[in-house]
Amino acid sequence: MAASTTTVSSKAGLPPGTLVHVGERLESETRITVIDYTRDGGSEHTVSTVEEIAGFRGADSITWVNVEGLVNVAVIEAIGQEFDIHPLVLEDILHTGQRPKFEDYDDYLFLVFKVMYPAHGGEVVNYEQVSVLILSDYVFTFKEKRDAIFDSIKARLRKPNAHFRKLGTDYLAYSLLDAVVDQYLSLQDYMDAALESIEDALLDEPDSSTLMSIQRVRHELIFMRRSAAPLRELVGGILRSDSELISDHTMIYYRDVYDHVLRVTDAFDTYRDMVGSLLEIYNSTISNHMNEVMKVLTVFATIFIPLTFLTGIYGMNFEYMPELKWKWSYPLLWACFLLIPAVLMFYFRKKKWL
Amino acid sequence: MAASTTTVSSKAGLPPGTLVHVGERLESETRITVIDYTRDGGSEHTVSTVEEIAGFRGADSITWVNVEGLVNVAVIEAIGQEFDIHPLVLEDILHTGQRPKFEDYDDYLFLVFKVMYPAHGGEVVNYEQVSVLILSDYVFTFKEKRDAIFDSIKARLRKPNAHFRKLGTDYLAYSLLDAVVDQYLSLQDYMDAALESIEDALLDEPDSSTLMSIQRVRHELIFMRRSAAPLRELVGGILRSDSELISDHTMIYYRDVYDHVLRVTDAFDTYRDMVGSLLEIYNSTISNHMNEVMKVLTVFATIFIPLTFLTGIYGMNFEYMPELKWKWSYPLLWACFLLIPAVLMFYFRKKKWL
Amino acid sequence: MAASTTTVSSKAGLPPGTLVHVGERLESETRITVIDYTRDGGSEHTVSTVEEIAGFRGADSITWVNVEGLVNVAVIEAIGQEFDIHPLVLEDILHTGQRPKFEDYDDYLFLVFKVMYPAHGGEVVNYEQVSVLILSDYVFTFKEKRDAIFDSIKARLRKPNAHFRKLGTDYLAYSLLDAVVDQYLSLQDYMDAALESIEDALLDEPDSSTLMSIQRVRHELIFMRRSAAPLRELVGGILRSDSELISDHTMIYYRDVYDHVLRVTDAFDTYRDMVGSLLEIYNSTISNHMNEVMKVLTVFATIFIPLTFLTGIYGMNFEYMPELKWKWSYPLLWACFLLIPAVLMFYFRKKKWL
Amino acid sequence: MAASTTTVSSKAGLPPGTLVHVGERLESETRITVIDYTRDGGSEHTVSTVEEIAGFRGADSITWVNVEGLVNVAVIEAIGQEFDIHPLVLEDILHTGQRPKFEDYDDYLFLVFKVMYPAHGGEVVNYEQVSVLILSDYVFTFKEKRDAIFDSIKARLRKPNAHFRKLGTDYLAYSLLDAVVDQYLSLQDYMDAALESIEDALLDEPDSSTLMSIQRVRHELIFMRRSAAPLRELVGGILRSDSELISDHTMIYYRDVYDHVLRVTDAFDTYRDMVGSLLEIYNSTISNHMNEVMKVLTVFATIFIPLTFLTGIYGMNFEYMPELKWKWSYPLLWACFLLIPAVLMFYFRKKKWL
Amino acid sequence: MAASTTTVSSKAGLPPGTLVHVGERLESETRITVIDYTRDGGSEHTVSTVEEIAGFRGADSITWVNVEGLVNVAVIEAIGQEFDIHPLVLEDILHTGQRPKFEDYDDYLFLVFKVMYPAHGGEVVNYEQVSVLILSDYVFTFKEKRDAIFDSIKARLRKPNAHFRKLGTDYLAYSLLDAVVDQYLSLQDYMDAALESIEDALLDEPDSSTLMSIQRVRHELIFMRRSAAPLRELVGGILRSDSELISDHTMIYYRDVYDHVLRVTDAFDTYRDMVGSLLEIYNSTISNHMNEVMKVLTVFATIFIPLTFLTGIYGMNFEYMPELKWKWSYPLLWACFLLIPAVLMFYFRKKKWL
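Residue numbers (our numbering), protein chains in the order written: chain D, 1 to 354; chain R, 1 to 354; chain W, 1 to 354; chain E, 1 to 354; chain P, 1 to 354.
Same shape as in the complex, but just chain D (with noise of 0.2 Å):
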């Protein structure tokens, strides 16, 4: 998570354009992924150079470049030759600690945004810049690390007569997008777990712990929702946009991940408040307990104190005291310890701090 905001000065000083990996280094090697589908078919390749992935401009197919690691900055320079893409877009590519954004550059669309996971059984989320150029016959696509997270979209191309496959870059793009959002969502229930054992830690016996964890879960959200909140304006940007890369057909599906992605920010919205209540709970719990305490400590305090007064006076070594001698004095003040006490515990009970 620091990641995102502590590796962004090592790059201070140098020109606009310069294409250096900036970002913590996930993966030893850069492995590229080439999809090529046309209406009929389609075929998966693993290649290493670029005129390799150059070579698959066909007439109609659809090719789908898929860049894995970030660690071979001379590859991601060559596609940027060959394809005629800015510098200014190579250079965020590589930098991870992008705020999403979606920018259009007539011949090709570049968008940025971050994908969220929870990861090693649900205890860790999974931070991951990926960037998508959007072109006529191509997509390509840069992610940090390699994972799981386009793999229904793979299945589904594979899948002969898909629906997908009767379509362009632009509903590729979506779908892409779309796989991000719904990683998004899933968050849901990371997040539900984490609330929910916060409040159950509550109703049990707080301790600081538990502010911890309390504390814990909204440093996250704070990150979760700095990521997340650029995507509206991102989704937004493109359902705005005249690019003649999107079709009429398509903006229907952007519109519905726009709605998707509004949910997104209206949960974490939600988690935000429902945080903020727990940690008043929190407090208000531990100033009720501090206050039971106290009362405790009145009730015994007050009861205690006259009577071992009274023990006090009748230990003294005066020679002239004559209720030393009376008989009935010893069971008289044994009277007054059992009434003293039954009188103070009347009046804490009408006080109703017992």
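Keep in mind that the hints were calculated from the coordinates and are not lab data. Mixed in with the good hints, there may be bad ones.
[To be verified] Here are the simulated DSSO-like cross-link-like pairs (lysine-lysine), alpha carbons at most 27 Å apart as the crow flies:
{"no.": "1", "chain 1": "W", "residue 1": "K327", "chain 2": "E", "residue 2": "K325"}
{"no.": "2", "chain 1": "P", "residue 1": "K350", "chain 2": "E", "residue 2": "K351"}
{"no.": "3", "chain 1": "P", "residue 1": "K327", "chain 2": "E", "residue 2": "K327"}
{"no.": "4", "chain 1": "D", "residue 1": "K325", "chain 2": "P", "residue 2": "K325"}
{"no.": "5", "chain 1": "R", "residue 1": "K352", "chain 2": "D", "residue 2": "K352"}
Dock chains R, W, E and P against chain D, hints included.
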């Protein structure tokens, strides 16, 4: 309530437009009721096939198809095919985690929103997703449950010569929306009762259960506001749309619904402020209480501690303690025992601690 | 106050446009007063039928119809029919939970808003809904109660050669609105007095009743702001409207009212900030107080606890305690009894506890 | 300060345009100063009638009429009549509770705003309402008090060949506004000093008077912001206006004033954040303090309570207590008296309580 | 930091356009460096008169004039005269309390903004005002101090055949702005380190110095945000402007800077949320701590108080106390002394106090 945040992820990875019911299964079967009416009369039927529904396609009759229970995906898919509904719309109908929205598909209008109403003697709030399709001579409503929310409209339709029956599908859709917003307004009684009982508890003797009540109401308000807020956009979208399916004459009625929606969201804002204010009263009351407990403890301790010290002195066993032999020592000490508390009480009263 | 949030649901389920009085029944009957005036003179009548009202339809006279008490639904329905008012407008007039709004129906303008003014010696705030219909030669006002809010306008109308009487219905409506906004401004005296008395209580000796006062004022501010805020939209709507019923000449006066409304909402915002600040003073004062109590307890306890321990030692009955027999033990111990408190007091003073 | 919120209601009920001075009476009489200047020279007069003012209506001279003290309503009414000013404008001039605003009446422009400046050795903030009327060859300023805020402008006008004198009434009005905004900026010194003294008190020994200081500054900030915020709209309104009374050349100067106003409102926002932060430091410091007091009490009590219990045991008078006769009992007990505190101190130190 | 809020008033009362340096005097003299370059080569000079600067007015060379130290007002005035700069611009350059802004004066563009960077081993933040004038063949930069912020650009300009040198003044200005925004991004490391050290202190043992650290960071964030927020408007203004001084080709680069600025302001928002969250952890930790202290006190007091009371009873000197003579009294009492604490400990453990 949790349903609206937890069931989203189960569809992640499926291609868009895949028809699967996502959400809690609230009914065991799907019941379809058709009300067909013209200016002169009407009829009511329970049907089970799409052919039967299509059979009501008449010259100038208006047909309201009410689908309750979303378990029978096949019949909803068939309706979509028969009436040429976009697959994404059908998907939204079946997916019960929708954000309320309005969409204009030229041939038909699509509304989806939440119904909320108190149930079980006013102690629980029920949530239900309702989708409405407005065609030129058909209105479809898709509901998760069989309940009474549209019964008043059915009753009005049954009346001969109802003003209602002279108007088009736009007016029927308005009536449905109006009935739903009236349900929202009825939540105010529920909220008023809840807040009043909390206020009573605060005046009486607030404890941790009061805190829980406040937080429960607050929690529910978060969900209610989340359901109600997008309704403003929804009705606003209808008012701004220039669809031919809504006549100018009916637009005035939608403007009226818009006012009601504003009233609902205003009321929810007011409730939120009031709940926040109740929470502050709670915290201040607890704090006051503790203050009072502390005062009692302090008064008791500060009065008896010096007295007990005095008894301690004359309980010592030194051989040379002249006071012990003096006759008036004991009565004089008793005078101290009375004087010291009197002085301290006077001091505390001046300090306004008693 | 509660009336504005609780009486809404009683109409749920009725068809729109059904005329039923919804709200508290504040008058037992409906009184209709008509003031008819031209440039040269005027007359004042109390009428009971719609025919009488319609009878004032004169060449160039302006007729103000003031309806007080909304119990007689029939007469309001008759007015609606005679002057061709939309059923939804009549419904809004009779339904006292309206959100303030302005609507332009071409032939007439419709305003509905709340009047608020302090009553009963300035200790209670009265709320009343007022609806205004502006026609080309008639102005209708519908009020829930008989009260004095429009008396100053009546007085001005009675004066011969009043500047007032040379102008149209738009100026009359402006005067009514201006009178209402002046009532809002008069609430400032009420609020100033309330805040000042709380400030005094805070400086003196705040207790839980002070807290209750703060919360009551805050509660009322929530309702006042809720009534006042939509007034800005209302007057803004009039300023933006291009209705022929409002002349350019009068528009300047509406602009003036708009400034007053801004001043009212500014003032309410200021009051809210001030109440928030009073609440914080209250909490800090309570906290300070507790701190002081704790210090006294601590000083007493820490001084006497070690002394009492010393007396305990020499109250023990061991056979071999040489100090007990030594002559100077007792005086030396007394020296300790004086020295220990002195040292502790010095320490506490250095720590600024005293 | 209170003046701006309390004196409003006294005019309620009067017809609009009635000229009455509403506000505190700050001067006993009205002084009118006229400065008339052309490119070549100028003259300064104190006048008392409107005829004298009108007498300066010259070919190309510019006349600045400065009216100080609003008690003489007649002369202001006469100015209104002579120069054809709208009655509502005159009413606003005399009514000192105005919200700052800019209005364009074609023949003249009307500005009304608040002047704020620290007075009496920088300990009190003075508020004053200033109204400005800009005509083609006259500028009127109406002030509540005689003070020095425009003295620098008078001084500049007196200089021969001043750049100033070659420009029109728009530049004079700009200079007046600029002088006022500079007064606002000078409040920053006042605020900086106030905040610094609070910071010092917080580092030293905060008590309830520190709280009062914080709240007083906060209170004043509320009023300052309320006066300053509408100034942004005011100058923004001038910038957007296309009045012929303001030349393009002077517009650049108004743009500069606009920047200054933004700086003022930015500064006030910063001060608000800083005051909020000081309040939190105050509360945390009090809380820290109490924590420290509690620790001392706890350490004292927990050390001596068990020791006193031990002395109690051997102060009992049972006949069969073998320890009492044993020779080493007393020294051994003393060993306990030293060991127990040492163990407890070690424990507390480990817990970081000391 | 304080400089930005305190030095404003010293110029109050002077006529606009008067050239006086307002702000801290950070350098003792003004150094002017000129870098003149064409596509083919460049040269670097230190000059002292305006004539020398004007001498670089060449056919197609671009001249960057870097003025460091604002003490020599005369030379800045001379530059203004030579290059026909508006007096208000010169005033803004010399006045170091400017709000960042962009202004288009047709013949030249004017930018003024703040540079912020951590200094002295990353513990202090430096603030500096930089003004930029963009002419068709000149770029002027005015800086308060001599520092290294533009060194990377100088280095790039010195390289033969730099892509840089083929572009106009708009690209040079962009590079300067980009360098400044990169400095902002480098503040993130500074903030990350500060927050991390606070987090460590919170986990370890928070005390009042931790509170001071939190408040210091918060305080600095207020100033940083105040400097950074207007930068968004500034770059936004450049993007919207249609000045001929900025080519379409360079606009893409400004769009990139705009993204960086958004990232900076996003990051500052995140930091603010995180600091707020740290403050809450601090307060809750202190509160937890006090709770723990209270528990220990309560446990000690409630265990020993009844025991001490028992010892008090049998320390009394009544003649008729049969237990005193009974042989098993003392051992039995010891049984009580062990049993009572055991029972109480069991009770407290059940209440989860231990």
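Cross-check of the supplied hints:
| no. | hint | result |
| --- | --- | --- |
| 1 | W:K327 - E:K325 | holds (22 Å) |
| 2 | P:K350 - E:K351 | holds (23 Å) |
| 3 | P:K327 - E:K327 | holds (21 Å) |
| 4 | D:K325 - P:K325 | holds (16 Å) |
| 5 | R:K352 - D:K352 | holds (22 Å) |
Checked against the numbered hints above, the structure violates none of them.
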